[in-house]
Each structure stands twice: as C-alpha cells, then as structure tokens.
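With the sequences and hints as input, model every part of the structure.
In the order they appear, the protein sequences are chains A and B.
Numbering (our numbering) for the first sequence: 1 to 115.
Numbering (our numbering) for the second sequence: 116 to 232.
Hint data in this document are derived by calculation from the structure and do not stem from the laboratory.
Don't take each hint at face value.
[Said to hold, decoys possible] A partial selection of chain B residues facing chain A, derived with a Cβ cut-off under 8 Å:
no., residue
1, Gly131
2, Glu135
3, Leu154
4, Gln156
5, Tyr163
6, Asp171
7, Pro176
8, Phe180
9, Gln221
10, Phe223
11, Gly224
12, Pro225
Bear in mind that the values here come from a model prediction, so they are computed numbers and not experimental data.
For each residue, glycine too, the CB sits at the ideal point set by N, CA and C.
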Amino acid sequence: AQSVTQPDIHITVSEGASLELRCNYSYGATPYLFWYVQSPGQGLQLLLKYFSGDTLVQGIKGFEAEFKRSQSSFNLRKPSVHWSDAAEYFCAVGTNTGTASKLTFGTGTRLQVTL
Amino acid sequence: GAGVSQSPSNKVTEKGKDVELRCDPISGHTALYWYRQRLGQGLEFLIYFQGNSAPDKSGLPSDRFSAERTGESVSTLTIQRTQQEDSAVYLCASSQESRLAGANEQFFGPGTRLTVL
Numbered sequence: 001a002q003s004v005t006q007p008d009i010h011i012t013v014s015e016g017a018s019l020e021l022r023c024n025y026s027y028g029a030t031p032y033l034f035w036y037v038q039s040p041g042q043g044l045q046l047l048l049k050y051f052s053g054d055t056l057v058q059g060i061k062g063f064e065a066e067f068k069r070s071q072s073s074f075n076l077r078k079p080s081v082h083w084s085d086a087a088e089y090f091c092a093v094g095t096n097t098g099t100a101s102k103l104t105f106g107t108g109t110r111l112q113v114t115l
Numbered sequence: 116g117a118g119v120s121q122s123p124s125n126k127v128t129e130k131g132k133d134v135e136l137r138c139d140p141i142s143g144h145t146a147l148y149w150y151r152q153r154l155g156q157g158l159e160f161l162i163y164f165q166g167n168s169a170p171d172k173s174g175l176p177s178d179r180f181s182a183e184r185t186g187e188s189v190s191t192l193t194i195q196r197t198q199q200e201d202s203a204v205y206l207c208a209s210s211q212e213s214r215l216a217g218a219n220e221q222f223f224g225p226g227t228r229l230t231v232l
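Put into structure tokens, the structure is as follows:
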C-alpha cells in the first residue's frame, strides 16, 4: 500500500529565508505527487503536481518541488518565504486501483513565519 | 464558477445522535471524494464516487458511516450513532474525469467541523 511521510511536524522560518519541506513516499509504481496548502479556516489548495517528465515542477505562489525517484522524495521549496505562507502543507500521492482513485496524504507540516 | 461547497460549516451533536453532512461538487465534475481530518493529523480517505461506477468505500471506518450521491451532483455523508472519536473536520473534494484518474487534481470544499459531545 502507498504511504507518505512528512518528517517535520512544525517548521519555523524567518520572512525572507529559504524553505524546504520534506516529503517521502512509498509506492510500487510511478507516483502522481501533489503538494497542497491549507490556510487557517480555508480549504486545501493545490500548489503543484508531478505526473511525469521534468522532475522539477513549478507551482503557484513561487513554490517548486523536485521529484527524486532514487530517494523516493518530493520536497517542496521556496527561495524566499513571505509571512502569508504561514499555513499547513500536505504532500500526497495519487494512485489508481482499477476505476478507483484516491489521494494518500502525509500528516502535514505546519509552517510558522516570523517577521 | 463556484467551487465545492459543504454544509453545515459547523455541527455540534450529542453522542448517539445521527448526523448528515452535505457536499455540492463543482458542476461537471464526475468524481467526488470524502476525507476526514482529525485534529493535528493528515487527511484520511473515506469514500470515492466516480460516475455510475460502484463507489470505493474502502476507507469508511465502520458501518456507522455511509454516503450517497445522486447522479453526478450532491453527496451526503451520514454518521449514525455518533461517537466522540468521530469529532473531526470532514472534507469533500471533486475532480474531472480523466484517463489518468490517479493524476486528477482534486478541488476541496471548506469542510464541516463536527463536534460530538
């Protein structure tokens, strides 16, 4: 069965500093990988996704993520964090099971940004 | 257009009562998903509807949980005889049909916060 691990429960960075959120997955086939952000009181919003091709994917709000098959990782990065980036970030793997489809989420990383 | 909507936004109920949670997906989206998010935890898949196919109920935690969907529109998640452990945010998502079903972007609603006293 597939699984997603986000080893960092809580990260604090200063505004303007760089950010990297870690994500490791376990899945037997080529994964479809996603990063979602959940701001307080709001629903989940897709930041970016990887299906195939270029292993470095660009997303919204200046985020990017790199798929590394050898490390089973899909880490999220941003070169300069803004205070509005404070939120909970979820990595997910999408899988097919016949006609079924589901996302398996990690437990999330809560990002705090200090001014 | 409108996004995924859910109602109610908050629900407080007493242990043992039944509750119904509603989800209105984005128009034209054939797939609909329910997830549960307990405090401080990730999202837990509950159930998935895709068109006229039999739903994938593999994530439902017990027979107290059930869900229905009318065609390709509204879905209702019902929890019978609620327990305190059912307290969580219940999220609904919808997506378009695609040949690569596992690669579909899911659009999430704001969730229903359920509190069982």
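Against the structure, the hints:
no.: 1; hint: Gly131; verdict: 29 Å, violated
no.: 2; hint: Glu135; verdict: 20 Å, violated
no.: 3; hint: Leu154; verdict: 11 Å, violated
no.: 4; hint: Gln156; verdict: 6 Å, holds
no.: 5; hint: Tyr163; verdict: 6 Å, holds
no.: 6; hint: Asp171; verdict: 4 Å, holds
no.: 7; hint: Pro176; verdict: 15 Å, violated
no.: 8; hint: Phe180; verdict: 16 Å, violated
no.: 9; hint: Gln221; verdict: 6 Å, holds
no.: 10; hint: Phe223; verdict: 4 Å, holds
no.: 11; hint: Gly224; verdict: 6 Å, holds
no.: 12; hint: Pro225; verdict: 5 Å, holds
In the structure shown, a violation is registered for the earlier hints numbered 1, 2, 3, 7, 8, in ascending order.
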